[in-house]
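Protein chains: 2
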Amino acid sequence: MKNNKLEIQPVMDALEVIGGKWKFPILYSLCSGKKRFKDLLEDIGKITPKMLSLELKDLEINGLVTRTAIATVPVTVEYEMTKYGTTLEPVLRHIQDWGKKHRARILKGSTVLN
Amino acid sequence: MKNNKLEIQPVMDALEVIGGKWKFPILYSLCSGKKRFKDLLEDIGKITPKMLSLELKDLEINGLVTRTAIATVPVTVEYEMTKYGTTLEPVLRHIQDWGKKHRARILKGSTVLN
Chain F
1 MKNNKLEIQP VMDALEVIGG KWKFPILYSL CSGKKRFKDL LEDIGKITPK MLSLELKDLE
61 INGLVTRTAI ATVPVTVEYE MTKYGTTLEP VLRHIQDWGK KHRARILKGS TVLN
Chain G
1 MKNNKLEIQP VMDALEVIGG KWKFPILYSL CSGKKRFKDL LEDIGKITPK MLSLELKDLE
61 INGLVTRTAI ATVPVTVEYE MTKYGTTLEP VLRHIQDWGK KHRARILKGS TVLN
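Top line first, the protein sequences correspond to chains F and G. When you number the first sequence by UniProt numbering, it's gap-free, plus one each residue, and the end is 114. When you number the second sequence by UniProt numbering, it's gap-free, plus one each residue, and the end is 114.
There may be inaccurate statements among the hints.
The list treats identical chains as interchangeable, and a pair is accepted whether it falls inside one copy or across any two copies.
What the hints assert, rightly or not - Cut-off 16 angstroms, straight-line C-alpha distance, at most; resulting in silico cross-link-like pairs (EDC-like, lysine to aspartate or glutamate):
1) 57 with 78
2) 38 with 80
3) 50 with 39
4) 34 with 80
5) 83 with 7
6) 34 with 60
7) 21 with 78
8) 100 with 39
9) 83 with 39
10) 101 with 16
These are computed hints drawn from the structure, not numbers from a lab. The structure displayed is predicted, hence computed values, not measured ones.
Make the full structure from the sequences, and use the hints.
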């Protein structure tokens, strides 16, 4: 049991940084390259600009995303995954893959216990 | 962009079922075999019994976990991952692994942007 407890802590640690409703979708969107704020808004769909801004700041603080302001008129702000952020790509791809299979399962109407 | 939008939906779908603070740790705990309610409480540590109960019910509804009541005195309730639940094991192991590396990185004091 003690051993198991030790093993759960890293899962909790990871979720402190990448948990919540929006961080995975934001990071997933950035897997395909740098994006402007409004591109991210469009990609993710239901997120509010305020929430997106907060989530991006969190990801920036944790070294997963960089924010670059370009001196255009109006100013262009781009977000990009850091090298460290890209270490999450396998997790993101796995979750996406599982989500696809889960959707297929629901559409088949087989969400009852097996 | 449109293509990308299509790709993000499965991530959102997955998080509908396995998102939140507790579902990953609960599922991770059940990776090592069936557990009684109090074992799960002990494993996860900071969760309240009420929250654990709600989260387990959600996981049961989504076919990821089964609940078995055994007619002992007092009654023993065991939770176990379904075969479908085990399809999440690669995701859980990846997150755990990432959490370990993230902790090591924080302890080294290198959470600044790279």
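Results for each hint:
| no. | hint | result |
| --- | --- | --- |
| 1 | 57 with 78 | within (13 angstroms within a copy, 41 angstroms between copies) |
| 2 | 38 with 80 | within (13 angstroms within a copy, 43 angstroms between copies) |
| 3 | 50 with 39 | within (15 angstroms within a copy, 40 angstroms between copies) |
| 4 | 34 with 80 | within (4 angstroms within a copy, 41 angstroms between copies) |
| 5 | 83 with 7 | neither (26 angstroms within a copy, 22 angstroms between copies) |
| 6 | 34 with 60 | within (14 angstroms within a copy, 39 angstroms between copies) |
| 7 | 21 with 78 | neither (22 angstroms within a copy, 29 angstroms between copies) |
| 8 | 100 with 39 | neither (23 angstroms within a copy, 32 angstroms between copies) |
| 9 | 83 with 39 | neither (21 angstroms within a copy, 38 angstroms between copies) |
| 10 | 101 with 16 | between (26 angstroms within a copy, 14 angstroms between copies) |
In summary, the structure is inconsistent with hints 5, 7, 8 and 9 from the numbered list given earlier, while agreeing with the others.
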